[in-house]
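Asks: Construct the complete structure from the given sequences, taking the supplied hints into account.
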Amino acid sequence: MHATMDGGRSALVMVTIRSNSTAFSNLNSNTNGTNADTGATLPGYTQRIIIGILLGNIIFLTVFGNCLVISAVVCFRRLRSVTNYFVVSLAVADMTVAVFVMPYSLLFEIYGEWRFGWVFCYFWISCDVTCCTASILHLCVISLDRYLAITGPLSYHRRMSKLRAVTMIVGVWICSIAISFLPIFLGWFADHSQMDLYTDSANCGLYVNKIYAVISSAMSFYIPLVVMLCVYFKIFRIAQSQAREIHRLEKSVDFSSGPNDLRFGRKSRKFKKDIKAIRTLGTLMGLFCVSWLPFFLMYLIMPFCSSCNFPATLVSAITWLGYINSSINPCIYTLLNRDFRIAFRKLVTCNALVNALQSEHSSNQAALGKSAIKGDSSIEERQNLRDMSPHLVIRAKSNINGHSSHIRKNVAFEHADTDI
279 MHATMDGGRS
289 ALVMVTIRSN
299 STAFSNLNSN
309 TNGTNADTGA
319 TLPGYTQRII
329 IGILLGNIIF
339 LTVFGNCLVI
349 SAVVCFRRLR
359 SVTNYFVVSL
369 AVADMTVAVF
379 VMPYSLLFEI
389 YGEWRFGWVF
399 CYFWISCDVT
409 CCTASILHLC
419 VISLDRYLAI
429 TGPLSYHRRM
439 SKLRAVTMIV
449 GVWICSIAIS
459 FLPIFLGWFA
469 DHSQMDLYTD
479 SANCGLYVNK
489 IYAVISSAMS
499 FYIPLVVMLC
509 VYFKIFRIAQ
519 SQAREIHRLE
529 KSVDFSSGPN
539 DLRFGRKSRK
549 FKKDIKAIRT
559 LGTLMGLFCV
569 SWLPFFLMYL
579 IMPFCSSCNF
589 PATLVSAITW
599 LGYINSSINP
609 CIYTLLNRDF
619 RIAFRKLVTC
629 NALVNALQSE
639 HSSNQAALGK
649 SAIKGDSSIE
659 ERQNLRDMSP
669 HLVIRAKSNI
679 NGHSSHIRKN
689 VAFEHADTDI
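For the sequence shown, our numbering gives the first residue as 279, with consecutive numbering after it.
Any given hint could be a false lead.
Quick list of the computed label-pair ranges, beta carbon to beta carbon [to be verified]: (1) Val-626 to Leu-571: 28 to 34 angstroms; (2) Ile-452 to Phe-342: 17 to 23 angstroms; (3) Phe-511 to Leu-592: 28 to 34 angstroms; (4) Gly-395 to Arg-619: 24 to 30 angstroms; (5) Leu-460 to Gly-395: 33 to 39 angstroms.
Calculated lysine-lysine pairs in the BS3-like style (CA-CA distance at most 27 angstroms, straight line) [said to hold, decoys possible]: (6) Lys-440 to Lys-512; (7) Lys-554 to Lys-512; (8) Lys-554 to Lys-440; (9) Lys-554 to Lys-624.
Hints listed in this document are in silico derivations from the structure and should not be mistaken for laboratory results. Where a beta carbon is used, it is the ideal one built from N, C-alpha and C, also for glycine.
Replies: Here's what the structure looks like:
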């Protein structure tokens, strides 16, 4: 999204970037509804090179980082959780910003004019609005997903199945497209008099009336933001209560190997994992608010304040602050999520093929575990068991020798989970 102000039209906000000596637009008012000519010139060759390198690196890091997120979830079984389905879709939205929005915004700033026609201008702005809306709606859905996970862990997998997650993702994208492509291409976002401003083929901006400004900002940002704040506040209160309960139980539980202790240990580990996920996603949400709240405040003020004149440097900084958010998410995964950190390290060091082979090998080992459950103790399988890790060899051999069915089931189950 891009923003500037045209004071000659009440209830009008021009969402655009126009290049001048600072590589961004001046926000000037005049009676003709166009930017006043201040005599400013385009950035010099050196300035253009600096701008291109700086913003080009941001674009590259956004593409590279979100590719890592998508590849990590696809390649590593341990990351294929329902929550990470939403994370992948969020990464796709950020990738779309980097591929379809940021490069043309960079060219727009460097050349000072739009060179791709009004049809692609509409498409460009629609992609911008769509991806911004999709990002915050994904974070909203993720917060609801974590709320279900921490408040109802026993019923979570039933209530949040993979099919339901995919349905919610599709719904997020449909809502995002409906609020951007539909009103923009059908002309609902502007009055008839405002449509005349698009006769300037060198200009690309979104001229919106008050109604569209209020509705779009509410649906894209303010309503989801309120939902997320309420949900995370409830999650925080519940997490505090459960943490006190677990701390109390830890003091009263002895260190015997009874089944109650095992269940308590699994519950404690799951709770700590949920807390880490909540901390990561909460950080993402906080950074998203810091990145986009200034823009949406400006976006909502402009149609109602024809005399407001935002400095061009401020507009450019606020706009690209929102764009930079698309490159922040992979950094947060690296810093706060151990599983993603391990996956990123393997992908960056070109271990993707090795991981695939290990995954195939793990599948074969899981099959051997199932054969062991059936009591098949052939020489070939015993040879394969020697290739397993030591603790799996001990447990698998105990299966072959006829241990209890509970232990037999755990062999295949726990071994299948060892593949990251």
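Asks: Each hint needs a verdict: does it hold in this structure or not?
Replies: Checked hints:
no., hint, in the structure
1, Val-626 to Leu-571: 28 to 34 angstroms, "33 angstroms, holds"
2, Ile-452 to Phe-342: 17 to 23 angstroms, "29 angstroms, violated"
3, Phe-511 to Leu-592: 28 to 34 angstroms, "31 angstroms, holds"
4, Gly-395 to Arg-619: 24 to 30 angstroms, "44 angstroms, violated"
5, Leu-460 to Gly-395: 33 to 39 angstroms, "20 angstroms, violated"
6, Lys-440 to Lys-512, "24 angstroms, holds"
7, Lys-554 to Lys-512, "16 angstroms, holds"
8, Lys-554 to Lys-440, "22 angstroms, holds"
9, Lys-554 to Lys-624, "22 angstroms, holds"
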